[in-house]
Amino acid sequence: MKVSKGVAGHLQPEGLLGLLAALLCPGLVESQFGGAGYTPPAPICPAFKCADGEMAVGNPDHQIWSYGCKDSGMNILNAASFDPNNPYANMGQKSVDKCCVERDICKQTCGMTSKACHDNFQKCSQKICKGDQNCQLQAMMSDIMSEPYDDEDKDKKYDPERAKCKGYNRGQQESCRCVPKKDFKSAVESNLKGFYSKFNSEKLDKKGDIKDKDEVWKKWKGKEPDMFMALAAKYKSKAVEIRQKPKPPPYKPPADTDFEDTAGTAPGEDESMAAEEATAADSETAPTSQDVDPEEAAFDQKLAAIQAKKQKAKEEEDYDAAADAKEEAADLIKEEIARLNSKKAKAIEEEDYLEAKRIKMRIQKHSELEVLRPGGLPRYAAGSALGVAAGFFLRVESRYTAES
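Under my numbering, read the sequence shown as residues 269 to 672, first letter to last.
If you are wondering where the hints come from, they were derived from the structure by calculation, not from laboratory data.
The beta carbon of each residue, even a glycine, is placed where N, CA and C say it ideally should be.
Treat the hints loosely; a few may be bogus.
Unchecked claim - With a straight-line Cα cutoff of 30 Å, these simulated DSSO-like cross-link-like pairs (lysine-lysine) come out:
{"id": "1", "residue 1": "K362", "residue 2": "K317"}
{"id": "2", "residue 1": "K362", "residue 2": "K432"}
{"id": "3", "residue 1": "K489", "residue 2": "K383"}
{"id": "4", "residue 1": "K487", "residue 2": "K466"}
{"id": "5", "residue 1": "K481", "residue 2": "K506"}
Stated by the list, open to error - Label pairs and their calculated CB-CB ranges:
{"id": "6", "residue 1": "K398", "residue 2": "E585", "range": "22 to 28 Å"}
{"id": "7", "residue 1": "E617", "residue 2": "A589", "range": "28 to 34 Å"}
{"id": "8", "residue 1": "E603", "residue 2": "P517", "range": "36 to 42 Å"}
{"id": "9", "residue 1": "P448", "residue 2": "K491", "range": "37 to 43 Å"}
Using the sequences and the accompanying hints, generate a full structural model.
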């Protein structure tokens, strides 16, 4: 298969939440993919339309392409079937990549309906997965992640209905053209000859015409889109260009804004500190007190010791100890923030705004530490598949929120 570069992609928040729910609740996946006989409803997208007196046929210049979904699989250990004597026994991964490619073929075959493409994908994935939760999760993820974000989306509000039909609508626009009704049959034959000349010339006679043309029309008349989709799927190793879905661009933090610390802003603080903050902004360095706070120095020493302990545990692959150290650091930081908030309030009360500003900046520094990121997940055994997966989606979701 050919390989070329595609467009950078992003997950939408609804997709992230769905994936996270599936990771944390495998039973949800089972109920959605066969356990209770439920499948997601098919999107109802508008068909490609031509003007009166014209009919839609395939565009012979369109190159069918797909990202596939080889990179959308993720193994989640099933506790019910976990064997401690052979922990990797259930890590074998089925692949629904074939279903993803054929779904994209369907979307890019002129005249196919969005419902038919959806139903074909569900049947294909269910046939391959046969109740395997890892495989079902892969199928759900690949369906959610099939349409990458592109530049035209960045200034638009996310519309879930539009997103469902985006790939189908694009595929039909690129793969269809309009011809007069009287030329429809000849256009179909021309497309079929063009396809066979590229991928199976044995279907053509010496003159380049279609062999058994009457039999072809007898079998496929009124079902021309199904015929071209079946052909593209049959010869997909040659007919479909597999594109590489690149990773999203590096995250760029938003422009500098006023930081609101954990305890919030005290009443009247903004007005009383406005002049002092404006003066501090003109200074090259942050305001500092003349004397070092011994409690702050003690905190810094404790935190450094805990972080060193955590790093050593990671190097020794003692992930439980590393997780304990991380929680210990988080508790220590929360206590320090609470102490600093009280101290800042006292500085404001005494109209020592330079000291209040210094403390506020220190609170900001502590609050930005990774161990205190909002929206934290329940603790899982460090290094487990579920823990790694949950952490990954938390980071992606936090990133999307920041970009929005």
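Taking the hints in turn, this is what the structure says about them:
1. Distance check on the hinted pair: K362 and K317 sit about 39 Å apart at the alpha-carbon level, beyond 30 Å; violated.
2. Of the supplied pair hints, the one linking K362 and K432 holds, its CA atoms being roughly 26 Å apart against a limit of 30 Å.
3. Distance hint between K489 and K383 is fulfilled; the C-alpha atoms sit about 21 Å from each other, no more than 30 Å.
4. Between the alpha carbons of K487 and K466 the distance comes to roughly 22 Å, so the proposed pair stays at or under 30 Å and holds.
5. Note on K481 and K506: the hinted pairing holds, with a Cα-Cα distance of about 23 Å set against a maximum of 30 Å.
6. The hinted range of 22 to 28 Å is not satisfied by K398 and E585, whose Cβ atoms lie roughly 36 Å apart.
7. Against the hinted window of 28 to 34 Å, the Cβ-Cβ separation of E617 and A589 comes to about 43 Å, which falls outside the hint.
8. The hint said 36 to 42 Å for the Cβ distance between E603 and P517, and at roughly 38 Å that hint holds.
9. At about 21 Å, the beta-carbon gap between P448 and K491 misses the expected band of 37 to 43 Å.
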